[in-house]
Amino acid sequence: DMKVTQMPRYLIKRMGENVLLECGQDMSHETMYWYRQDPGLGLQLIYISYDVDSNSEGDIPKGYRVSRKKREHFSLILDSAKTNQTSVYFCASSIGTANYAEQFFGPGTRLTVL
Amino acid sequence: GDSVTQTEGQVALSEEDFLTIHCNYSASGYPTLFWYVQYPGEGPQLLFRASRDKEKGSSRGFEATYDKGTTSFHLRKASVQESDSAVYYCALSDPGSGGSNYKLTFGKGTLLTVTP
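Protein sequence lines, in the order shown, are assigned to chains A and B. Residue numbering for the first sequence follows the numbering used here, starting at 1 and increasing by one per position. Residue numbering for the second sequence follows the numbering used here, starting at 1 and increasing by one per position.
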């Protein structure tokens with residue numbers, strides 16, 4: 001059963017706290033992504049990971065970092081969270097590198113930074 | 001850079017109405033075009049895609065035709081149902097965008113609301 005999982009699903013943090021969002025996939029996909037989704041802005045790419053320890057900035061990487069030590073896990077880290085990082089975060093994965101590759105999305109994590 | 005422009009905001013229809021959501025794109029290369037659908041509480045999922053001019057993608061009664069001349073990939077469905085209520089995203093992946101061919105560029109999304 002092809003699946004992308006995200007933990008936690010809901011998270012409330014105070015400004016200045018560190019945040020760890022975790023993503024897993026059971027499809028052995030090489031490529032994984034982190035997006036954020038905000039009303040009126042759609043999905044914005046934060047980071048891409050091409051494989052273990054091979055990561056690249058997306059369109060809005062400022063304030064975020066990522067870690068990928070195993071192919072099936074991809075973490076998003078917010079060091080000292082800010083209120084403008086309140087959003088819904090989606091992880092996705094895809095097989096291979098072809099531009100027609102389908103991305104499989106997780107269910108999202110709703111993060112609120114107070 | 002690449003961009004996708006789609007029908008903004010919300011489209012409100014009644015069951016059995018005809019649906020059109022417009023999508024126009026700008027890309028430096030020859031992109032693959034996608035429609036993704038997002039149901040409440042879930043992540044987006046692929047509806048269908050098309051990679052060549054005049055290619056038609058279709059799924060679940062939805063369809064769109066890749067038109068390179070007008071740089072468009074409009075989503076259509078002849079008769080919508082309440083269960084089609086969701087957010088629809090047009091997206092592209094462009095191999096000519098300086099090596100970022102793993103990246104999807106999304107439109108801002110269109111919320112479809114269908115009432116019985």
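Don't read these hints as lab results, they were simulated from the structure. Computed from a predicted structure; not experimentally measured. We treat Cβ as the ideally placed atom computed from N, Cα and C, and that holds for glycine. Each hint should be verified, as a subset may be incorrect.
Reference listing, derived: stretches of chain B covered by chain A, where coverage requires no fewer than 3 residues with Cβ under 8 Å from a Cβ of chain A [unchecked claim]:
#, segment
1, 42–48
2, 83–95
3, 104–112
Quick list of the computed label-pair ranges, beta carbon to beta carbon [to be verified]:
#, chain 1, residue 1, chain 2, residue 2, range
4, B, S58, A, M7, 25 to 31 Å
5, A, K13, B, G41, 20 to 26 Å
6, B, T20, A, G16, 45 to 51 Å
7, B, T71, A, E17, 42 to 48 Å
Against the structure, the hints:
1. 42–48: Check passed, 5 qualifying residues.
2. 83–95: holds (count 4)
3. 104–112: This one holds; 5 residues, not fewer than the three required, reach chain A with a Cβ under 8 Å.
4. S58/B / M7/A: 25 to 31 Å: Given a distance of about 35 Å, which is not inside 25 to 31 Å, the answer is violated.
5. K13/A / G41/B: 20 to 26 Å: holds, 21 Å
6. T20/B / G16/A: 45 to 51 Å: For T20/B and G16/A the Cβ distance comes to about 47 Å; the hint holds.
7. T71/B / E17/A: 42 to 48 Å: The hint (42 to 48 Å, Cβ to Cβ) holds, given that T71/B and E17/A are roughly 44 Å apart.
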